[in-house]
Amino acid sequence: MSKFLEIALGIVTGIGGFLEAGSLATAAQAGSEFGYQLIWAIAVGTACIAVLVEMAGRLAAVSRHTLPDAMRERFGIGFFLIPLAAVALVSFLVLSSEIGGVTLALEFATGVSHRWWAIPAALAIWLLLWKGTFGMVEKGTSMLGLVTLAFVVAALKLHPDAAGVAAGLVPRAPTHDGARYWFIAVSIVGASVSPYLFYFYSAGAVEDQWDEGYLTINRITAGVGMTFGGTVAVAALVCAALVLHPAGIQVDRYEQIPFLLTSPLARAGFWLFVAALFIACFGAALEIALQLAYLVAQGFGWRWGENLRPRDAARFSAIYTVALPLAALVIASGIDPLRLTVMSMAMTALSLPVTVVPLLVLMNDPQYLDEHTNGWVSNAAVLAVSVIACVVALVALPLQVFGS
Amino acid sequence: MLIGRDIMDQQVVDARGRLMGKVDGVVLELHEGEAAHLAGIVIGGTTLLWRLHRGLARWAERKLGGEGRITYVPWSKVGKVGVDIKVDVEAPRTPAFRWEHWVRDHFIGRIPGA
Amino acid sequence: MSRGPAVRLERLLGRLVVDHLGVPAGRIEDVVTEPDGEAYRVTHVILGPEGRVARLFAFGYQLPTFRALGLGRKPRTRRLPWTWLDLGDPEHPRLRPEVA
Amino acid sequence: MMRRARLLRGLTLVGAAFAIGCTKSPEARAREAASALASWEATVHLLEEQRTRGALPEQFVRQVRRAAADAREEAAAQRRAAGAP
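Protein chains in written order, with the numbering used here: chain A, 445 to 848; chain B, 12 to 125; chain C, -7 to 92; chain D, 102 to 186.
Calculated from the structure, these hints are not laboratory results.
One or more hints might be untrue.
[Stated by the list, open to error] Dumping the calculated SDA-like pairs for lysine to any residue here, alpha-carbon to alpha-carbon at most 20 Å:
(1) B:91 / B:46
(2) B:91 / C:27
(3) A:575 / B:125
(4) B:88 / C:66
(5) C:66 / C:89
(6) B:91 / C:26
[Said to hold, decoys possible] A short list of chain A residues far from chain B (calculated; beta carbon distances all over 12 Å):
(7) 753
(8) 755
(9) 766
[Unchecked claim] Label-pair ranges, simulated between beta-carbon atoms:
(10) B:125 / A:810: 38 to 44 Å
(11) D:166 / A:835: 39 to 45 Å
(12) B:87 / A:523: 29 to 35 Å
(13) B:118 / A:615: 29 to 35 Å
As the structure is a prediction and not an experimental result, all values here were calculated from the model.
Each residue gets a CB set at the ideal place from its N, CA and C atoms; glycine is no exception.
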């Protein structure tokens, strides 16, 4: 495949794959409660994930190892179990949130409660993984994910004031509700820096047999793709800031989010919202379920590969076949999907040091990266974001749980 | 070559390129007075537990009455050590694939389209 | 499995080694081998810091940022000839007396 | 064993202080319930306005109304729990 097509596909993956239940819900809450004030959090989260995705791609291209495979080999089983458990738990919570997003899109479209849609949605996701190939999952969902550009169209239609948006890019203390402000900020970072994004990216690079020749493609793909993805999340925040914030509406249930598109785009906006939510969350759920299987299979050396027939990688297939119905049951149990989504994002932020530090250590090990090891800037920046996000989550999470 | 760094936890690939697990353990053969030799690698059974928690490993071995079904690959059958370790063994005929086959035959294989 | 008496390396890794007076000499980090025809001969054992804090700082040492923040210190490891090790009781590795 | 017992006692103390410190005072809860109520009033207002413009399908309108009712109930319960008038 020509290098240009690779880059185009990579950027599409970034755009289509970025917005999902977490980034949409946290952007809607941020915009509705604090106007443009929290745009900087999306920028920080996007920059951080762009750097992490680039690192995961570089690790796969240079060392031919996926992330879990390299972590188990480099740190030994004892240490490896800690990030494995953390990423597995967080990924499962986010998987449930994504299925929640899918079922709510179906409820908006049909009026039938989202709890009934949980098992059918999980079955549809499972069927695509069962019959599909890796390329189909990665490229297909991101291609469809372009529908999330509807938020950019809606934001432009609402004529946001450019100066206000730019001012929002500068991190600043909140004007009111400090605890709430920092909780949403950390949930935004957690939504952008979801571990499954860079774990899945490293598995993709290995399945596509990347080598040193792909380093530039990797940098462009990660940088441009994720930045475009970030702008879609900013667009969602801007819509909330212009539609919900002035009306004094604070988002605390999914039912309030469609107004982001119905205000500027009327009925077309409604169906675009349903399509965007459904496709974005469906694509994310596919990737997370697959990544959970990669994580465990690569960590223990089992046969893995979405291009293999399920029976030829039985334990690998069993992982997503068990994880999907369990995640669906969480939604079917009637837990509030929005609260579950925002909590999962905060938990992701909380677990960042455990999921990111092992990758950083690997990226500084010449045995894996030869002369392509990390510069100190990316080391320090990513570590700072991870530790700060974790500390803020540690403080903000109990306040949010006990408070509300 | 350092055994812990270069061999332990490495991906093991069988003669036909099938992934058959990670190196969970390594056997050293002792000789009187002289240095020891690397005898072979071990996959599966209770081997992994010994690196997690010795008490847990002893308890498991008491429960199983032994080390469980481990796969021992003598060093003579180990080929190139690179990104992973290639061994001249047929994985399906070793205990390393026992769970893989159990899951295939009792769970995944029964689902249509597997 | 193998001809002579065998010992399982995974049961040795991380174990505290004491000298013949019972003074801790360090934890077994790894084992060094050299090619010997087709096989590999074990030549040295690497002992690392025994304390939990020292091992944490040794982990921190691997990340330049931790080193810059002073959270990482180069681990004190020693490379001792393998024959100095007395594995009579693999659960409690000791250094041979004539070594001291 | 003493060291572990002291450690455990310390941890529970910290945990308890953390939990007490976080639960919101009744006034804060009442204020929060009031703002939630106002938010949902505004939501229903926006909903009806867009419904008349034909921007929303019926099943969605019903769903938002149901969500608003639940939220109102929850806010009222929270106000009663906070003992506000």
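Tested hints:
Restraint check for residue 91 of chain B and residue 46 of chain B: not satisfied, since their Cα atoms lie roughly 23 Å apart, outside the 20 Å limit. At roughly 13 Å between alpha-carbon atoms, residue 91 of chain B and residue 27 of chain C fall within 20 Å of each other, so this suggested pair holds. Under the criterion of a C-alpha separation no larger than 20 Å, the hint pairing residue 575 of chain A with residue 125 of chain B is consistent with the structure, at around 8 Å. With a C-alpha separation of about 37 Å, the suggested pairing of residue 88 of chain B with residue 66 of chain C is violated against the 20 Å cut-off.
For the suggested pair residue 66 of chain C and residue 89 of chain C, the alpha carbons sit about 29 Å apart, so the restraint of at most 20 Å is broken. Our distance criterion of 20 Å between C-alpha atoms is met by residue 91 of chain B and residue 26 of chain C, whose separation comes to about 15 Å. Chain B draws residue 753 of chain A into its interface by the beta-carbon criterion, the shortest separation being 7 Å against a cut-off of 12 Å. A cut-off of 12 Å between C-beta atoms contradicts the statement that residue 755 of chain A is not in contact with chain B; the least separation is 4 Å.
Against chain B, the non-interface label of residue 766 of chain A is violated: not every CB pair exceeds 12 Å, the least being about 9 Å. With their beta carbons about 43 Å apart, residue 125 of chain B and residue 810 of chain A fall inside the hinted range of 38 to 44 Å. Taking 39 to 45 Å as the suggested C-beta distance range, the pair residue 166 of chain D and residue 835 of chain A conforms, at roughly 41 Å. Judged by the Cβ atoms, the range 29 to 35 Å given for residue 87 of chain B and residue 523 of chain A holds: they are separated by roughly 32 Å.
Separated by about 50 Å at the C-beta atoms, residue 118 of chain B and residue 615 of chain A break the suggested range of 29 to 35 Å.
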